[in-house]
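2 protein chains.
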Amino acid sequence: MWHETEVQSRLEIKYPVIQAGMAGGTTTPELVAAVSNSGALGTLGAGYMAPEQIRSAIRAVKELTDASFAVNLFIPSPKHSKEQEQSYIEAGLKLTERYRQKFNLEPPQINQVEENFDEQLNVVLEEEVPCFSFTFGLLPMRMLQKLKAQNITTIGTATTVNEAIELDLAGVDLIVAQGSEAGGHRGTFLASSMEQAMVGTLALVPQVVDQVDVPVIASGGIMDGRGIAAAFMLGASGIQMGTAFLTCHESGAQDMHKEEVLNSTEADTMITKAFSGKEARGIKNRFMEEMDDKHDPIPPYPIQNAATKDIRKAAGQQKKPDYMSLWAGQGTRLSEAMTAKELVDKLVEETDALLR
Amino acid sequence: MWHETEVQSRLEIKYPVIQAGMAGGTTTPELVAAVSNSGALGTLGAGYMAPEQIRSAIRAVKELTDASFAVNLFIPSPKHSKEQEQSYIEAGLKLTERYRQKFNLEPPQINQVEENFDEQLNVVLEEEVPCFSFTFGLLPMRMLQKLKAQNITTIGTATTVNEAIELDLAGVDLIVAQGSEAGGHRGTFLASSMEQAMVGTLALVPQVVDQVDVPVIASGGIMDGRGIAAAFMLGASGIQMGTAFLTCHESGAQDMHKEEVLNSTEADTMITKAFSGKEARGIKNRFMEEMDDKHDPIPPYPIQNAATKDIRKAAGQQKKPDYMSLWAGQGTRLSEAMTAKELVDKLVEETDALLR
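Chains as they are written, first to last, in the numbering used here: chain A, 1 to 356; chain B, 1001 to 1356.
Take the hints with a grain of salt, since some may be wrong.
Residues on chain B that point at chain A, a partial pick, calculated with CB under 10 Å [to be verified]:
#, residue
1, VAL1199
2, LEU1204
3, LYS1258
4, GLU1259
5, LEU1262
6, THR1265
7, GLU1266
In silico lysine-lysine, DSS-like type, Cα no more than 25 Å apart, as pairs [claimed, not checked]:
#, chain 1, residue 1, chain 2, residue 2
8, B, LYS1313, B, LYS1258
9, B, LYS1258, A, LYS273
10, A, LYS273, B, LYS1313
11, B, LYS1319, B, LYS1341
12, A, LYS94, A, LYS313
13, B, LYS1313, A, LYS294
14, B, LYS1294, A, LYS294
The set of hints was computed from the structure by calculation and includes no laboratory data. Quick reminder that beta carbons are idealized off the backbone N, C-alpha and C, glycines included.
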């Protein structure tokens, strides 16, 4: 089972294990390349990166590996009117002002909220990246056709069966089924409420597998060979792991973030919109609590993300985890610090022992 | 693996599959006995039953099977002062008044909220039930000792690793790890917040297994052989299923409840306190939405449960699912209507095929 899923042949990898495209500096070219060199698939989490940064990072990965790898981008959010956007920006700045005062920061310029997805994707096409994954929605048909014309494998993200069916109909090659255990941003884009789209991985994966034609990649809470073997039993053809790779030596996550993940338990995380305006799972801290207590509506992504960016950065530099976005899934008791190769080797050994 | 876990020998069953002790009339003696006669473990969900009702039901089960079975009870809630209790009762009656008007019901007498756990447990001891499971807390030591003296196997319920550790230290024989996918009431009793105790089954089970000495039974979202095989890979020694048995022919769940479960999807359920005062997962309906919209605090269990009892009953009789508690887990797309024996046979066949 370990050596014959469609995912390996599609992605040209030895093991059907994908390192998730965690945005925000975690997926350094060193991490991506180390994962790919180990026989799994590294992913550059490029959602927040400017097009030319993405180009440099892709080239850096290619310097470090000849193996396949992926780039992950965010599907843009719905556009708001200029007036609406301005009112969101004001609300976001007001809501976060006291934290900027705490860290002696000037208010950021958020006078133009541009998501540059088209330019980002162009870099992926121009640099001939082997695999492209995306979250927060469907890929427009013309873009999917361009990717297909270049033989770039496409991976969409679903948190419900209906989202998976839409991705399948749109023609993606592979679908990540993201269970509620997953750390970081929820990929949800169609569900009527976020709470109803919080489906546990064990329940989600077989229901998705039954309803789509393409291979399904399980994600959410998988941390070791037990989780991988379980995912295969559920019908998955591959698995994706974020938190497990976040604490690897090559990961660019801040040291304080790694430490918090290594020392936290399964019951320390919560879903919050406080940092970015989109729901994401992270270790509960003071910033999350205070924002929740206020009951003020949090402006949508990417506005809240822009409003909190400098605060999170300063908190990281000053090692104040209470004001950092400590993204993590629910499997954190199983976190370990090692190299990406050591982790992939360990995963393969553990999974082999269970599936033998 | 299927034929050698400690759970079978402990419970004297052929297959390490437990039918969950769903309270409220679902677990008829016919269902319990049919499950046990099929080689799994039937459970009488007796949490809401009066002591003498429990005695009759146990005797009815014993008429129908010589195999092992379990009785499940609720650990009592913390006591409130008379004044506090009276104010909760008034709040509960006020909150639910418009629904009683809708169904032409008189306000119920809730002048004395007594949970009769001691008497319920005495019946379990007197009737020499082979196995006793419980939720919502720890079993007082003197009771655990009485059960042990009679060789009754004890099963506690945990939703976090810390809860599992406490149950292990208390000396229970087996621990059910209840993941966030599970339908019906959350067993949570120690977590600092319900949201943080919503840990997906795939993440919860291995972390519990690593921290306790007794065998762990996985529950939450398991509906077929894929879920069972996955649970074994995660390190579970057995599994518990509620929703899958709820739609069996022998189940006493109301027809409308069964129909709703059979026709719902993974994204149709939510956690609500609206029906009982304790968090539970059910198919989202009008009653849940309206209670949530009100933002009035819902009185605690068992007061809210007593306040809504007649409404739920009348709604069931009049086939109005919008006012019934439609408990269900997140695996409902995999629900089927069949006999309990057909279900157990199917589960065994599917699991065998995967673990062969």
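Q: Give me the numbers of the hints this structure contradicts, sorted from smallest to largest.
A: 3, 4, 5, 9, 10, 11 and 13
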